[in-house]
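Chain B: place on chain A using the hints.
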Amino acid sequence: MRDRLFVAGVIGAVALLVAVAVLALSIGRYNPSPPSLERDPDPAIPGRVVFMDRDGCIVIAEASGASREDVYCSALHVFSVTWVDEHTIAFMESTADPAGRGTLLDLRTRETLPGTAPGYVMPSPVSVNGEAVSVDSDGNLLVSKDGRVTTIASFDIPRNASPFPFTWSPDGEWILIEYYPPRADGGELWIVSRTGAIKGTLAKGVRGGGASWWIDGHGYTPPIAPTATPPKPSPR
Amino acid sequence: MPSIDEQLRRWRSAGLIDEPTANRIAEFERSSTPEPSASRPGILEAFLYLGVAIAGVGTFVLLGDNWEQLRPWARILALAAPLALTLLAGLVMRASSEPGVVRAGHVAWMLSVALLAGTVAVAGNELDIDDRDWLVYAGLAATALALVLWVVAPSHPQILGVAAALVLLASGIGAFPDDHNVLFGGVMVTLFGAVALVFVEMGLLSPAALGRAVFGLMAAAGIYAAGLDDDYILVELLAFAAGGALIALSIWRGLFVYMILGVAVIFVALVTFIFEHFADTIGAPLALIISGATLVAGALIVARFRHQRLA
Numbered sequence: 001m002r003d004r005l006f007v008a009g010v011i012g013a014v015a016l017l018v019a020v021a022v023l024a025l026s027i028g029r030y031n032p033s034p035p036s037l038e039r040d041p042d043p044a045i046p047g048r049v050v051f052m053d054r055d056g057c058i059v060i061a062e063a064s065g066a067s068r069e070d071v072y073c074s075a076l077h078v079f080s081v082t083w084v085d086e087h088t089i090a091f092m093e094s095t096a097d098p099a100g101r102g103t104l105l106d107l108r109t110r111e112t113l114p115g116t117a118p119g120y121v122m123p124s125p126v127s128v129n130g131e132a133v134s135v136d137s138d139g140n141l142l143v144s145k146d147g148r149v150t151t152i153a154s155f156d157i158p159r160n161a162s163p164f165p166f167t168w169s170p171d172g173e174w175i176l177i178e179y180y181p182p183r184a185d186g187g188e189l190w191i192v193s194r195t196g197a198i199k200g201t202l203a204k205g206v207r208g209g210g211a212s213w214w215i216d217g218h219g220y221t222p223p224i225a226p227t228a229t230p231p232k233p234s235p236r
Numbered sequence: 001m002p003s004i005d006e007q008l009r010r011w012r013s014a015g016l017i018d019e020p021t022a023n024r025i026a027e028f029e030r031s032s033t034p035e036p037s038a039s040r041p042g043i044l045e046a047f048l049y050l051g052v053a054i055a056g057v058g059t060f061v062l063l064g065d066n067w068e069q070l071r072p073w074a075r076i077l078a079l080a081a082p083l084a085l086t087l088l089a090g091l092v093m094r095a096s097s098e099p100g101v102v103r104a105g106h107v108a109w110m111l112s113v114a115l116l117a118g119t120v121a122v123a124g125n126e127l128d129i130d131d132r133d134w135l136v137y138a139g140l141a142a143t144a145l146a147l148v149l150w151v152v153a154p155s156h157p158q159i160l161g162v163a164a165a166l167v168l169l170a171s172g173i174g175a176f177p178d179d180h181n182v183l184f185g186g187v188m189v190t191l192f193g194a195v196a197l198v199f200v201e202m203g204l205l206s207p208a209a210l211g212r213a214v215f216g217l218m219a220a221a222g223i224y225a226a227g228l229d230d231d232y233i234l235v236e237l238l239a240f241a242a243g244g245a246l247i248a249l250s251i252w253r254g255l256f257v258y259m260i261l262g263v264a265v266i267f268v269a270l271v272t273f274i275f276e277h278f279a280d281t282i283g284a285p286l287a288l289i290i291s292g293a294t295l296v297a298g299a300l301i302v303a304r305f306r307h308q309r310l311a
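Each protein sequence line maps, in turn, to chains A and B.
Number 169 in the working numbering belongs to position 169 of the first sequence; there are no gaps in the numbering.
Number 253 in the working numbering belongs to position 253 of the second sequence; there are no gaps in the numbering.
Chain A with its partners taken away, still in its complex shape (with noise of 0.2 Å):
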């Protein structure tokens, strides 16, 4: 019996000892993201951004990470969520219009307005300024203009998940970046200066669908995309 015990002991301390090691340590495990924007905020990063949680509720934060409201949620599913002027925004629904126009939302009020939506919000890779954003599979953020290509910044990604720039700021200095970790529950939403100086993860948790940026006196990005077919509403 002692030399059964003294066995099963040796095999179970190895066992143990590499499993707590695996998940101590996070072995094999990527951690992308860059620091929070909601425990640290950067008060340089202007204007809001309006997103969607992975509860289905509309939520707007400040930019720097400062603050953030929740300023809608439905039980159907809502997508392709943008700004419209500075006291309006406006989302698709699923089954709400069968024309595909949308809502829109008074912030002031929190009245809807059904079916007056303009378009919808498709992904947009450059800026006001010209200058286009990627990512390419090392998980390298480039920002391109006049053929010439800059690696901004670097973010260790896994092999299937890669951070996607959603859009630009209205002002043409920052970039929106959606990052889908594997297997997690819900995506994020990262924010990062034109130069990459600056890094910082606005939202976790957010599903996708769209994001809408707004800053005084430049306006929304993305742009509104007028179409006849509706986008498919991501699955994530």
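Everything labelled a hint here was simulated from the structure, so no lab data went into it.
Take these hints with a grain of salt, some might be off.
What the hints assert, rightly or not - For the chain B half of the interface with chain A, some residues (derived, Cβ under 8 Å), not all of them:
hint: 1; residue: W73
hint: 2; residue: T143
hint: 3; residue: A144
hint: 4; residue: V151
hint: 5; residue: P154
hint: 6; residue: L166
hint: 7; residue: P177
hint: 8; residue: A196
hint: 9; residue: E201
Here the structure is a predicted model, which means the values were calculated and not measured.
Built from N, CA and C at the ideal position, the CB exists for glycine as well.
Showing chain B alone in chain A's frame:
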């Protein structure tokens, strides 16, 4: 193999032993050998296992059909209750004087290892724990229980339980990284198999015959699986080293099971290697010919070794 009575008759005829000595040997063998009917599994025992297996499959199918309608606590209980019952049944049956009932108790305990892994996995899923984490927890829990049951009852089913639990844990560790990692999981299977194999050869982990087969298989198959990761050609070559080590162990210990495992892993690794790296250049037919020739060579080596052992 001739019976002891036949052997005694031959030895007496040859004048090697006298009749009183032959009678004393026969008497000794009769008293020290257990009754075959009591110690060997019978057809009734086989039907018993078959019946339990069929009823178990039916239960799981019934559960599967209604799984979506069950509340979380009911899902966990659906596995936890059979777990408690199999543990209790094993405990009671092991106290029996009937060898067949004792064996059934060991099988019940082996099943309890699988049920514990399932219970932890379902609980983890229902508690919204990341699926990569709860697979490791399930493997750890199953390994702990399997080892405890083996300490109490070092039997064949418990060896299988320990091996299965270690493979589950290794799979959980391989699935833990964001990029599912066959290299990591395969190396873990080999590590666990090799550690257990050392204890088998030290005579501390028994039953040794089954231990050699299953832990040797883990040591060989794990490193082969690790080599399936496209990024590391060196690990593919390690499968050949593992096969060679098993063949060397076979010759050193005079155990044929290691020879079979060693040759098998080298053959499978070689076929995989040829197809992966040379099929494009030499073509599939030539790759098949080389693989076939390798198989024949492996069979000849095994046959030669077995012949030497028998001689």
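To see whether the hints hold, each was checked on the structure:
Below 8 Å, beta-carbon pairs count as interface contacts, and B:W73 has none with chain A, the closest being about 22 Å; its hint is therefore violated. The beta carbon of B:T143 comes within 5 Å of a beta carbon in chain A, closer than 8 Å, and the hint placing it at the interface holds. Annotation: B:A144 was flagged as interfacial toward chain A, and the flag holds, the nearest CB pair being 6 Å apart, inside 8 Å. Because the smallest distance between the Cβ of B:V151 and any Cβ of chain A comes to about 5 Å, under 8 Å, the interface hint for this residue holds.
Hint on B:P154 holds. Least Cβ distance to chain A is approximately 6 Å, under the 8 Å limit. Against a cut-off of 8 Å between C-beta atoms, the interface hint on B:L166 holds, since the closest Cβ of chain A lies about 7 Å away. Satisfaction of the interface hint for B:P177 is found here, the shortest Cβ-Cβ separation to chain A being roughly 2 Å, below the 8 Å cut-off. Contact between B:A196 and chain A, as hinted, is supported at the beta carbon level, the nearest pair being about 6 Å apart and thus within 8 Å.
Given the 8 Å rule on beta carbons, the hint for B:E201 is violated: about 12 Å separates it from the nearest Cβ of chain A.
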